[in-house]
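Colleague: Protein chains in written order, with our numbering: chain A, 1 to 114; chain B, 115 to 225.
By construction, these hints were calculated from the structure, which means they are not laboratory data.
Backbone N, C-alpha and C fix where the C-beta goes; we use that ideal spot for every residue, glycine too.
You may find that some hints are simply not true.
[What the hints assert, rightly or not] Looking from chain B toward chain A, a few residues come up when the C-beta cut is under 10 Å (computed):
#	residue
1	LEU148
2	PRO158
3	THR159
4	PHE160
5	SER207
6	LEU213
7	PHE215
8	GLY216
9	THR217
The chain contents come next:
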Amino acid sequence: DVKVTQSSRYLVKRTGEKVFLECVQDMDHENMFWYRQDPGLGLRLIYFSYDVKMKEKGDIPEGYSVSREKKERFSLILESASTNQTSMYLCASSPLDRDLYEQYFGPGTRLTVT
Amino acid sequence: DQQVKQNSPSLSVQEGRISILNCDYTNSMFDYFLWYKKYPAEGPTFLISISSIKDKNEDGRFTVFLNKSAKHLSLHIVPSQPGDSAVYFCAASRGFQKLVFGTGTRLLVSP
Numbered sequence: 001d002v003k004v005t006q007s008s009r010y011l012v013k014r015t016g017e018k019v020f021l022e023c024v025q026d027m028d029h030e031n032m033f034w035y036r037q038d039p040g041l042g043l044r045l046i047y048f049s050y051d052v053k054m055k056e057k058g059d060i061p062e063g064y065s066v067s068r069e070k071k072e073r074f075s076l077i078l079e080s081a082s083t084n085q086t087s088m089y090l091c092a093s094s095p096l097d098r099d100l101y102e103q104y105f106g107p108g109t110r111l112t113v114t
Numbered sequence: 115d116q117q118v119k120q121n122s123p124s125l126s127v128q129e130g131r132i133s134i135l136n137c138d139y140t141n142s143m144f145d146y147f148l149w150y151k152k153y154p155a156e157g158p159t160f161l162i163s164i165s166s167i168k169d170k171n172e173d174g175r176f177t178v179f180l181n182k183s184a185k186h187l188s189l190h191i192v193p194s195q196p197g198d199s200a201v202y203f204c205a206a207s208r209g210f211q212k213l214v215f216g217t218g219t220r221l222l223v224s225p
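Put together the whole structure using the sequences plus the hints.
Modeller: Below, the structure is given as C-alpha cells:
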C-alpha cells in the first residue's frame, strides 16, 4: 500500500527558528514535492525533486530550502521561520512515468509560527 | 495569477442528489486534469483524472467532463453520499508531472 509519512502532525515554532519538516515515502518514487495549503489559496508548490540531490523551485520558494540526500526522504527547511509561514505543509510523491500524473500525499504538518 | 480556479468555495447537496463541482483554467497548455478529495487532518487523495484528448471519464459514481474550448472541467457525483463531504481540489498538469491546484470547493452532503 502506498505510504507517505511526515515527521510531525503539529508543530509550533518561534519566529527566527530554523525548522525542518521531514517526509518519507516507501514506494520507490523518483519525484517528491512540497506544498503549502492556505485557505482560499489551495495548494501551492514550494519545491520539488525528481532525483536524489536534484531540486527545482516551485511557485513560492522564497524563505524555504530543501534537501534530498536519499531517494525516499525529502526535507523542507525554513531557514528563519516567520509568522507568514504558518500553514499546512503537504508532502507528495509520484513515480517517474510520463503517463502517470497522480501524486500521493502525506497527512500534512500544521505549522504555527509565533 | 491563479491559473486554475474553483469559483465556488462551498456547495451543499442532499443525499441521493447530484453534486456538480466546477473548475476553470486559463493555460491552454495544460494536458491532463485531476480531481482530489481531502478530508480534515488528512492529505488529499486522488479521485479521478482526464486527459485533454478526451471529454469525459467515468469511474463509478464519479464522472469528470472536460470542455477544452471553454477551458472548463466539472466533476459530477451521482448519487451523492454523506461520506462524500470533503474539500475537492481540481488540478492541472503543466508537464513533468507538476500540478497546479485550484483553491478547493467544500462539499457538504446532508442526509
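Colleague: Under the criterion of a CB-CB separation shorter than 10 Å, is LEU148(B) in contact with chain A as hinted?
Modeller: Interface hint status for LEU148(B): holds (6 Å vs cutoff 10 Å).
Colleague: The hint names LEU213(B) as touching chain A; please verify it with the least Cβ-Cβ distance against 10 Å.
Modeller: Check passed: Cβ of LEU213(B) comes within 6 Å of chain A, closer than 10 Å.
Colleague: Going by Cβ atoms only, is GLY216(B) closer than 10 Å to chain A?
Modeller: 5 Å, holds
Colleague: When the nearest CB of chain A is found for PRO158(B), is that gap smaller than 10 Å?
Modeller: 5 Å, holds
Colleague: Let's test the interface hint: is any C-beta of chain A closer than 10 Å to that of PHE160(B)?
Modeller: 5 Å, holds
Colleague: Next item in the hint list is THR159(B). Is there a CB on chain A closer than 10 Å to its CB?
Modeller: Cβ of THR159(B) sits 7 Å from chain A, so the hint holds.
Colleague: Report holds or violated for the interface hint on SER207(B), using the least CB-CB distance to chain A and a cut-off of 10 Å.
Modeller: 5 Å, holds
Colleague: Report holds or violated for the interface hint on PHE215(B), using the least CB-CB distance to chain A and a cut-off of 10 Å.
Modeller: 4 Å, holds
Colleague: Verify the interface restraint on THR217(B): the C-beta must sit less than 10 Å from at least one C-beta of chain A.
Modeller: Cβ of THR217(B) sits 4 Å from chain A, so the hint holds.
Checked against the numbered hints above, the structure violates none of them.
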